[in-house]
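Asks: Residues per chain, in single letters:
There are 4 protein chains.
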Amino acid sequence: MNVMIDLCVVPLGVGVSVSPHVAACQRVFQDAGLSHQMHAYGTNVEGEWEAVFAAVRRCHEVLHEMGAPRVSTSMRVGTRTDRDQTMADKISSVEQKLAPAQ
Amino acid sequence: MNVMIDLCVVPLGVGVSVSPHVAACQRVFQDAGLSHQMHAYGTNVEGEWEAVFAAVRRCHEVLHEMGAPRVSTSMRVGTRTDRDQTMADKISSVEQKLAPAQ
Amino acid sequence: MNVMIDLCVVPLGVGVSVSPHVAACQRVFQDAGLSHQMHAYGTNVEGEWEAVFAAVRRCHEVLHEMGAPRVSTSMRVGTRTDRDQTMADKISSVEQKLAPAQ
Amino acid sequence: MNVMIDLCVVPLGVGVSVSPHVAACQRVFQDAGLSHQMHAYGTNVEGEWEAVFAAVRRCHEVLHEMGAPRVSTSMRVGTRTDRDQTMADKISSVEQKLAPAQ
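Residue numbers (the UniProt record's numbering), protein chains in the order written: chain A, 1 to 102; chain B, 1 to 102; chain C, 1 to 102; chain D, 1 to 102.
Be aware that one or more of the hints could be misleading.
One copy or two, either will do: identical chains are not told apart, so a pair holds if it fits within one copy or between any two.
[What the hints assert, rightly or not] In silico SDA-like cross-links for lysine to any residue, where the CA-CA straight-line distance does not exceed 20 Å:
#1 Lys97 with Gly15
#2 Lys97 with Met38
#3 Lys97 with Met66
#4 Lys97 with Glu61
The set of hints was computed from the structure by calculation and includes no laboratory data.
For reference, chain A alone in the conformation it holds in the complex (with noise of 0.2 Å):
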């Protein structure tokens, strides 16, 4: 099963710059060979339910590991079985909604 996320980790307990566990995630991601995107208040990531998973625990074992007693993530997750839709399929169908307006 495919499945899209969105997710923000939140350290807590090493103070106000959460950048670097930030790009320490999307390090995770990269090594797991997951297609993901980055925006300003979280990131999106698809591939295989199990595949994807597993890269959000490392996140959470990299962030322990970095000095975090404490991780709080939040996610959306999606799945479809009536199409395959990418990441960049849902940007494009609402752009296509939103072009006779402009």
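Got chain A; can you put chains B, C and D on it based on the hints?
Replies: What follows is chains B, C and D alone, placed relative to chain A:
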């Protein structure tokens, strides 16, 4: 690694009433033997990482089997290495802070 | 317009224990006279849209006043026009579906 | 108080395709003159608290007007008092950490 999650499954394409789908997920958590507690806008689940996320995957599968072509779940995922803390611990920790003020 | 939310406030830069901050938010909802119910990974709040979101804003302000330089909240926000439904209604609607199976 | 949010609106009872609804929300943010950026599983919006949440409310109203009897939105809401940080700043802060490793 132990994990506590809060999740809210939203099946799309099945109309407005989603309570049968939420009930099906409660049964998934129960069948998995996972500690879980439903509230008005989601469900807390705690346990070992792999068991919890296998149940989340099973929820998506069950909802698709029930006819939902698309499922969008929002989740919080919390892990900590400093100490064990159950769902009941978290609530009582806040209630202790509230008590003196009342 | 009535709204039901579920929110989880996460203060950054204040260490690992966030229960004083969660307790402060409970007082904000209580002072606002809003129906609210804490669970192990968040709080349900329901009421008129403006009153609910004024309280959410007040939570962020209070946490900053308590010393958190950064606050990241995750929320679910639900509205419906087909009928009124309280937090208790939502839970009992699911429990009715669960009953026959037990 | 400035705020950065990431939101994903999910209309229920309108079938599987939600791109017209997502497009309608993009227009709400554009009409409100708010800085916003869509991604594959949500939209980042930043601005003054009241303006941003007035737009979120408007999204719910517009989706109900488009025929959705129920709307469930998931959001992240971030505020900080230590410094100003735009959506572009957040991304470039992570990219600087990634650069040396590549």
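Asks: None of the hints should be skipped; say for each whether it holds.
Replies: Hints versus structure:
In this assembly of identical chains, Lys97 and Gly15 lie within 20 Å of each other by CA distance solely across copies; the values are 17 Å between and 42 Å within a copy. Only between protomers do Lys97 and Met38 lie at most 20 Å apart by alpha-carbon distance; the minimum there is 13 Å, versus 24 Å within a single protomer. Taking the shortest Cα distances, Lys97 and Met66 sit within 20 Å of each other only across copies (14 Å), while inside one copy they are farther apart (44 Å). Taking identical chains as interchangeable, the C-alpha atoms of Lys97 and Glu61 lie at most 20 Å apart only when they sit on different chains, with a minimum of 19 Å there against 41 Å within one chain.
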